[in-house]
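Colleague: Chains A and B, in that order, give the protein sequences.
Going by our numbering, the first sequence opens with residue 2, and the numbers climb by one from there.
Going by our numbering, the second sequence opens with residue 150, and the numbers climb by one from there.
Any given hint might turn out to be false.
Said to hold, decoys possible - Facing chain A, according to a computed beta carbon distance under 7 Å, are these residues of chain B, among others:
1) VAL198
2) HIS244
3) ASP251
Please keep in mind that the hints were generated in silico from the structure rather than gathered at the bench.
Even for Gly, the Cβ is constructed at its ideal location relative to N, Cα and C.
Residue strings, one per chain:
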Amino acid sequence: MTAVIEPIVGRYLKLQLDGRENRIYFEEAGEGIPLVCVHTAGADARQWRHLLNDEEVTRHFRVIAFDMPWHGKSFPPRGFEKDNYQLTTRAFMDAIRGFCAGLALDRPVFMGCSIGGRIVLDLARFHGREFRSLIGVQCSDHHVPWYDSSWMNRPDVHGGEVAAAVVSGMMAPQSPAWAVQETLWMYKQGGPGVFKGDLYFYGSEGDFREQAAQIDNAACPLYLLTGEYDYSATPEDTLRTAAKIPGAYVQVMKEVGHFPMSENPAQFRSYLMPVLQMIRERSA
Amino acid sequence: MHAPLPAMASLGSAERAQVENILRLPDLVNNNEPLVRRGQFVDLEFQLVVDSFPCFVTIAQGRVTKVHAGPLKMHSSAFVVRTSAAHWDKFWQRHPEPWWHDLFAMVKKGYATIDGDLHPFMCNLQYFKDVIASPRRTRA
């Protein structure tokens, strides 16, 4: 096999978030409309590796995927050893908006999955004019927990193994085994307590049911894509959310689950490309 | 490796079919070396219940050493997974439909329950998920 260097370039961005210095790792590829991507709870930006390598996308979009603080190659802020990490709505939005401002991006498109799909609703409601469009993958205005998240961070249970095992069932049986295992590998590498801390956003601050109807889709078009095998943010959840937002685009994706871009990139691509085409046409 | 068939005499055809899936676990699991290796620290007994019919599955160092189909009085197990024959049938399809593709999905939907000492279950979660799902491999 001939060695191949992928077009992805990785760099670090130092910025202040909540008065603390953060060193944010991001990867990018392509030129054109900035498309900022955020990963799911407990994982990292490697979930977007296939999109970053998609020449048909990067021909028109500058795809940028960053690791949230505490995730992947983004360290926690200094002094973190004293923190009890819990992702709040404000911290999540500040990180996304701070990152976009740090790179001086001109009204980027933002795409997030799971908690990243959920924060799309807050961004649309409160900061829609800063974005060209918002794509919520596995987005729901309300998340109902079905297990005790304390299992994710305790000394007598391997945090990485249990996190991966919990999310393994959220992927579709049709997803290729190699892609499923790569998706699980990211969970196995997560920092202690990080997945649990991310889920705080879902459980304690994630109820947006009363506010979804206040989103102005005309100000910033919203695109919602949900895999049919996701039982965390279900198709029913996404359709309910979309029904409250007149004009929002919604599509249930067949044969994918909670991690479409990572577990079955080809299948996800078939649903994403029409959305990106619509965004390009609006930007023309 | 399993109780004689008279223990299943009272079962209807739907229940019997699912119990027979469970009786295949020794062959399905023990011939899967990567799965056995992942369960190398597992030594316990758990139950899979079809409607109200219990099957006791004994694991030693990741291998299924015994499956007892039928009630046992005053017998304890580490944990119990319960659902109906109809739900087990849908769970064990080779390509199950949404909500039947994962035990936790079934629990969230209210189709199944998992009770007992969940510590060994959670410590070896992927192993147990794969053991319990292994009859899917035999479906067309």
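Colleague: I'd like to know which numbered hints this structure contradicts. Please list them from smallest to largest.
Modeller: Checked against the structure, the only hint that fails is number 1, while the rest are satisfied.
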